Amino acid sequence: MHIDGDAFFASVEIAKNPSLRGKPVVVGKERGIASAFSYEAKALGITRGLPIYQIHKRFPQVVILPGDYISYTTYSEKMFDIVRRYTDNLEEYSIDECFADLTGWDKPLKMSYEKILLRIQNEIKEELDISVSIGLASTKVLAKVASKWRKPGGITLIPDNLVYEFLIKTPIEKIWGIGRRTSVYLNKKGIITAYDLAIKDEAWVTHILSKPYIEIWKELNCILVSKVDPRKKDTYASIQKTRTFYPPTSNPEMLMSQISKNLEGACSKARHYSLRASRVAIFLKTQEFRYYSCEISLLAPSNIPEIILPIVRKEFPKVFRSDRVYRTTGVTLRDLVSGEMRQESLFGEDKKDKKFEIIHKEVDALVEKFGVGVVHLASTNKAFRKQTRGATDTDDLDRNLLFL
DNA sequence: TCTGGGGTCCTAGGACCC
DNA sequence: TCTGGGGTCCTAGGACCC
-15 MHIDGDAFFA SVEIAKNPSL RGKPVVVGKE RGIASAFSYE AKALGITRGL
35 PIYQIHKRFP QVVILPGDYI SYTTYSEKMF DIVRRYTDNL EEYSIDECFA
85 DLTGWDKPLK MSYEKILLRI QNEIKEELDI SVSIGLASTK VLAKVASKWR
135 KPGGITLIPD NLVYEFLIKT PIEKIWGIGR RTSVYLNKKG IITAYDLAIK
185 DEAWVTHILS KPYIEIWKEL NCILVSKVDP RKKDTYASIQ KTRTFYPPTS
235 NPEMLMSQIS KNLEGACSKA RHYSLRASRV AIFLKTQEFR YYSCEISLLA
285 PSNIPEIILP IVRKEFPKVF RSDRVYRTTG VTLRDLVSGE MRQESLFGED
335 KKDKKFEIIH KEVDALVEKF GVGVVHLAST NKAFRKQTRG ATDTDDLDRN
385 LLFL
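Anchor point for the first sequence: position 104 equals 88 in the working numbering, and the numbering is continuous, going up by one each time.
As a list, the in silico DSS-like pairs of lysine-lysine whose alpha-carbon atoms are at most 30 Å apart: (1) K298 x K269; (2) K253 x K336; (3) K158 x K173; (4) K253 x K216; (5) K225 x K366; (6) K26 x K41; (7) K62 x K26; (8) K366 x K13; (9) K202 x K173; (10) K269 x K195; (11) K62 x K135; (12) K225 x K336; (13) K366 x K302; (14) K302 x K336; (15) K216 x K353; (16) K132 x K216; (17) K109 x K94; (18) K132 x K173; (19) K0 x K253; (20) K158 x K216; (21) K132 x K0; (22) K13 x K0; (23) K62 x K91; (24) K132 x K26; (25) K338 x K253; (26) K336 x K353; (27) K353 x K335; (28) K345 x K335; (29) K195 x K172; (30) K366 x K338; (31) K202 x K158.
FRET-style restraints, in silico, Cβ to Cβ: (32) M95 x Q38: 40 to 50 Å; (33) N1 x D185: 53 to 63 Å; (34) D144 x Q38: 42 to 52 Å; (35) D185 x N145: 18 to 28 Å; (36) T219 x K335: 25 to 35 Å.
Honestly, the hints are just simulated from the structure, not real lab data. Being a predicted model, the structure only gives us computed values, none of them experimental. Note that CB positions come from ideal geometry on N, CA and C, so glycine has one too.
Generate the whole structure from the sequences, applying the supplied hints.
Following this line, the structure appears as structure tokens:
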């Protein structure tokens, strides 16, 4: 089974404040683009990623709200708990989607599968006042096709013997895991619908496509590749912080300062989860949306920006060129290891690390209490100043900054 | 669509080793 | 050295997802 919240963020906003029901609602004010919208807003022609200022101008009647991620998380957890009344084998796929394995539960529950889906959908509606669409099939890829079949509020079962009848009506680009690039590629090979792919033989598929797509092909043919995985995800493989700024710039100090801010943010999150990065990647994105990146191995895993920043600064010229104009910077911490640091270093950098660790314990507490940015690296200062419209260099003096 | 932010997984090719 | 064959590790980047 795959459950998908209908216009989830907007639905939660309406559940929180029912006077919004029936109105076009858009969430994403704080990001400057529409990240979710109600069906009424969709009917006006609003699409994902549409800039908020344009929505404001073109559709003044639209209610524009900032995202309230704490509420979304609460609703999400409640939704999953309702599903868990029927099976423990539930995989939380994203904030508004989950997979659950109902195999065999029809007998003990003394209900048909369809009845179970209906019950789940009703309980979510009654208790949370939000609508979901549900799909049921032999594999995750097919269950996703099913849940998308009729939105909002749909329930769709795809038994194995009817799979091809659904796939023949499904354009290949609608399949989970097949994006724009692969669709274009497959179209050129004569594959237009999901059915066209499903009926190819394995030799053809392995010759033409790589591993993830071979798995999709199997799942389209009811061969289960990806099991429902109920393990709660409690850690990260990587932590990324990025920021787009306006206007775009070629100024290396400005860019380094943005990277410094990215790094501080990423390290702060890593410390929160007791994770340390063994590698760190930085990237610059140009006006033309071209990425330039590089990756660096650290001598010892760290989550201390003061330790990592000098290393990053040394690598910065690898990605920077003064004749390019950049709009976004980003930092990714990877190869994260969890737990306390223990390893004694040969050259005693860990002593320095430990000192900063003590400082950061205090700084993290201050940030917790007073908000992001109350204490930050001097190297990040330019990036913070950038946020204030019309700021000038003399603002530094007004801010009465303390330097560590 | 002039396009935000946070993730995951996979592959090609180079460096290096025996 | 004008070089065979097999393997691992690392990095950049592609593609996709929500």
